[in-house]
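S.K.: Sequence:
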Amino acid sequence: MDQHKLRALVFEKTGVRIDVDDPIFALVALNEAVLEETVQRHIAAIDTASQELAQQARLAGGLPAAHDHHHGSHGATGDHPPGYTPTPPAGPVRPIATQHPLINPRELRLLAAAAGIAILSALVVLGGQAAFRKPAPTLSAEQSAALQRAAKLEQALDQLDPKLRAQLPAAFQK
Numbered sequence: 177m178d179q180h181k182l183r184a185l186v187f188e189k190t191g192v193r194i195d196v197d198d199p200i201f202a203l204v205a206l207n208e209a210v211l212e213e214t215v216q217r218h219i220a221a222i223d224t225a226s227q228e229l230a231q232q233a234r235l236a237g238g239l240p241a242a243h244d245h246h247h248g249s250h251g252a253t254g255d256h257p258p259g260y261t262p263t264p265p266a267g268p269v270r271p272i273a274t275q276h277p278l279i280n281p282r283e284l285r286l287l288a289a290a291a292g293i294a295i296l297s298a299l300v301v302l303g304g305q306a307a308f309r310k311p312a313p314t315l316s317a318e319q320s321a322a323l324q325r326a327a328k329l330e331q332a333l334d335q336l337d338p339k340l341r342a343q344l345p346a347a348f349q350k
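By this note's numbering, the letter at position 49 of the sequence shown is numbered 225, and the numbering carries on one by one without gaps.
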């Protein structure tokens, strides 16, 4: 624990100046000691659980028999905790799958549901348009005959001399 570094960090973050002899450093040292002890207990618990798991795997035939070997000192005492047995080598390690399929089955179901809803919505809209559309108006026989006569007159006007055609709009306005 670098007290000068901690002093600078506290000043940067809070603007409070603390001295190297400040009692807060005693609290930091106490915190480190408690944390170290807690970490050691957790490591021992994990080792014990690993050994039990390895033993169960050996009994099930998944691991070879354990070898009795030690890997140097452990912790501050230089000995292993009571009941400590080194974890045996697990053999070849299988790689963890890091790639996922492009579309997983759940996403595929959601995609199919969305497509079904889109198609159903389109059918409802088209059905509504068909139900509420006004039919085209029907023409009477007189209206149809008048339209045919107008078309014939239009063709006849196109065949007239251009000078005469230019005079016709003035004659219609009289």
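Rather than coming from a laboratory, the hints here were simulated on the basis of the structure. One or more hints might be untrue.
Pairs of lysine to aspartate or glutamate residues, derived as EDC-like cross-links and limited to a Cα-Cα distance of at most 20 Å, are as follows [said to hold, decoys possible]:
| id | residue 1 | residue 2 |
| --- | --- | --- |
| 1 | Lys181 | Glu213 |
| 2 | Lys328 | Glu318 |
| 3 | Lys181 | Asp197 |
S.K.: Each hint needs a verdict: does it hold in this structure or not?
M.R.: Each hint, compared with the structure:
no. : hint             : in the structure
1   : Lys181 to Glu213 : violated (24 Å)
2   : Lys328 to Glu318 : holds (15 Å)
3   : Lys181 to Asp197 : holds (14 Å)
Hint check: a violation occurs at hint 1 only; the rest are consistent with the structure.
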